[in-house]
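Engineer: Next come the chains, spelled out residue by residue.
2 protein chains.
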Amino acid sequence: MPRVFNFSAGPATLPDVVLEQARDELLDWRGVGASIVELSHRGKEFMGVAAEAEADLRRLLSISDDYVVLFLAGGATTAQALVPLNLASAGQRADYVVTGHWGKTAIKQARPYVDVNIAATSEAGGFRDLPARADWQLSPDAAYVHITANETIHGVEFRDIPDVGDVPLVADFSSSIASEPLDVSKFGVIYAGAQKNLGPVGVTVVILRRNLLERAGQPRADIFDYRSHVKGESMLNTPPTWNWYLAGLVFKWMLAEGGVEEFARRNARKAAALYAAIDGSGGFYRNDVAAPVRSRMNVPFFLHDASLDKAFLAESEAAGLIGLKGHRALGGMRASIYNAMPEAGVRALIGFMDDFRKRHG
Amino acid sequence: MPRVFNFSAGPATLPDVVLEQARDELLDWRGVGASIVELSHRGKEFMGVAAEAEADLRRLLSISDDYVVLFLAGGATTAQALVPLNLASAGQRADYVVTGHWGKTAIKQARPYVDVNIAATSEAGGFRDLPARADWQLSPDAAYVHITANETIHGVEFRDIPDVGDVPLVADFSSSIASEPLDVSKFGVIYAGAQKNLGPVGVTVVILRRNLLERAGQPRADIFDYRSHVKGESMLNTPPTWNWYLAGLVFKWMLAEGGVEEFARRNARKAAALYAAIDGSGGFYRNDVAAPVRSRMNVPFFLHDASLDKAFLAESEAAGLIGLKGHRALGGMRASIYNAMPEAGVRALIGFMDDFRKRHG
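Residue numbers (the UniProt record's numbering), protein chains in the order written: chain A, 1 to 361; chain S, 1 to 361.
By construction, these hints were calculated from the structure, which means they are not laboratory data. Take the hints with a grain of salt, since some may be wrong.
Covered by chain S, according to a simulated footprint, are these stretches of chain A (three or more residues, beta-carbon under 8 Å) [claimed, not checked]: (1) 2-9; (2) 29-41; (3) 192-200; (4) 218-227; (5) 233-246; (6) 273-282; (7) 311-323.
Remember, it's a predicted structure, so these values are computed and weren't measured experimentally. Here a beta-carbon is modelled for each residue, glycine too, at the ideal position from N, C-alpha and C.
Could you build all of it, start to finish, from the sequences and the hints given here?
Structural biologist: This is the structure in structure tokens:
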């Protein structure tokens, strides 16, 4: 079957050229007679792949030497647990701004270790807007302030980096990293599961300001210790090599396509077109998020008549548009339009939506 | 280049047929028009892959319903940290039997959480033998007893499951799982990084006796809680889907080849032939491990003259035999001969070793 347009929220679509390269070298990586999946992580071949991936990500996001870059296993949820373990003393206050499902997950990982202060939450409004910075109740003695840069399920996104003074800002960037230029210097820690904009699931990027390594943190296993991972250059234990390699191919693709500046332009066009189609559907489709904070990556939308959902999903799939079912927490539909979703995919979706509306409106 | 024989300790060689299948369906998994790497972990396609992998592993190892099987991220080292967090109360006594490098790693992960009692260690003898069961100093009140079934670096292996009474036996089986039949019912927890006998790095199998879930454990993030992973069916967060899928292909291959009984026969033949070649080399090659506990999976050996090491590695690589360099902790050579290493590979290695000896002896 020809490749479809896949709007899955993550694991998500990957560039054809990346998958083609991974396919072509899966049994024989660059003439060594073995797959990159089979090679020792400490051999010169994978060490080269790993170093190139880091260099490319640093170039892509303009990450300075004040930051270390780690490639870890365990997903963003594990990263959420490592933040309090490494940045706070036991029971210390930490501020969390909750703007959707993943902010709540972050708190769940932190509560056993720190005194979680919910500095702001938009839950009462169904996470359809962001709490105004002026209303945040930050703690003067907080170990850090945690935000979720983009909420994958609710489709809300910080369009500006909030100023939290001298307290380190920690951000879950899983679903929007590398979708546009980012001023890394405004953050203490950025973490991101790779499976949306960076590549395959199974590897998590952690970008960590070096001076935070001076914090003692709290009792923890070696494998949960940032310092051990930094010392081990993300090879404290055997890392997920294939996943890291595939992310590296995605970084090279992004650089070749013009870097995050170019993806910012493409993503802005894709999101604008899709929201315009929803807003211009005369109420047939609906997105409830406040316009200034609508996510450029994840576009949840609802049909005016939920009894049409089943037909919408069946017909879109038949039209080669998959992964549109909304998260079970919200229902409805969701189109995830990360870097690897071409503009042609969004145009095809809009075309289908218009056609479906005419037939069922 | 044609495929070489890869003796890497892990990531390790995979069956050609598994890699060929993964290659052929990398861009289009069974006609859905997308890669399995790109599909939602909660979609029917991956859910089917995941369920089949579990069913196949249960069949392969005859795992009863008294046990749950988890497919987790984070490697065996993370699994080592989860054991004390879930099975012991804070500061409770736990017994560790140390028979090599990985036993020491297990202790490093456990010390922040439990009172580690080294019940036995063979470190004084350079980990060349196993401490006799009669000499173990087990604690009557231990939360569990931890062993490393096979030590990948030192090449020593438990050939019998030690009797530890009613205290749950926890075993790191990373480098020998599925290499022969195993009586799972003798264990409380078995864990194994997949990258040796089960497939690719990036997924870890945990086989857990259900009644151990009744233990309260100690304060921990949700993502470190066995019960949450069980409830979430290993999808508490986005699991490493491609790695899980590839492990599933390896399980199917193992079943098709005749299961663990057949691999036990092949592995016994491979190990016997290689040790015989070493022992029969008139001292040119040497393995220092006590014969009854020599590992069937990892065969470390030394050349009588270490100044020949460089030539041995260069010439073996030129002969299409890669990954033979010993771990940096021991030096010398190591041949890892897991399930996926064909008998022809071991014959080729023995042929090369004989030839090298004749030329340099």
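Engineer: Taking the numbered hints from earlier one at a time, note which ones the structure violates and give those numbers from smallest to largest.
Structural biologist: Hint 6 contradicted; others consistent.
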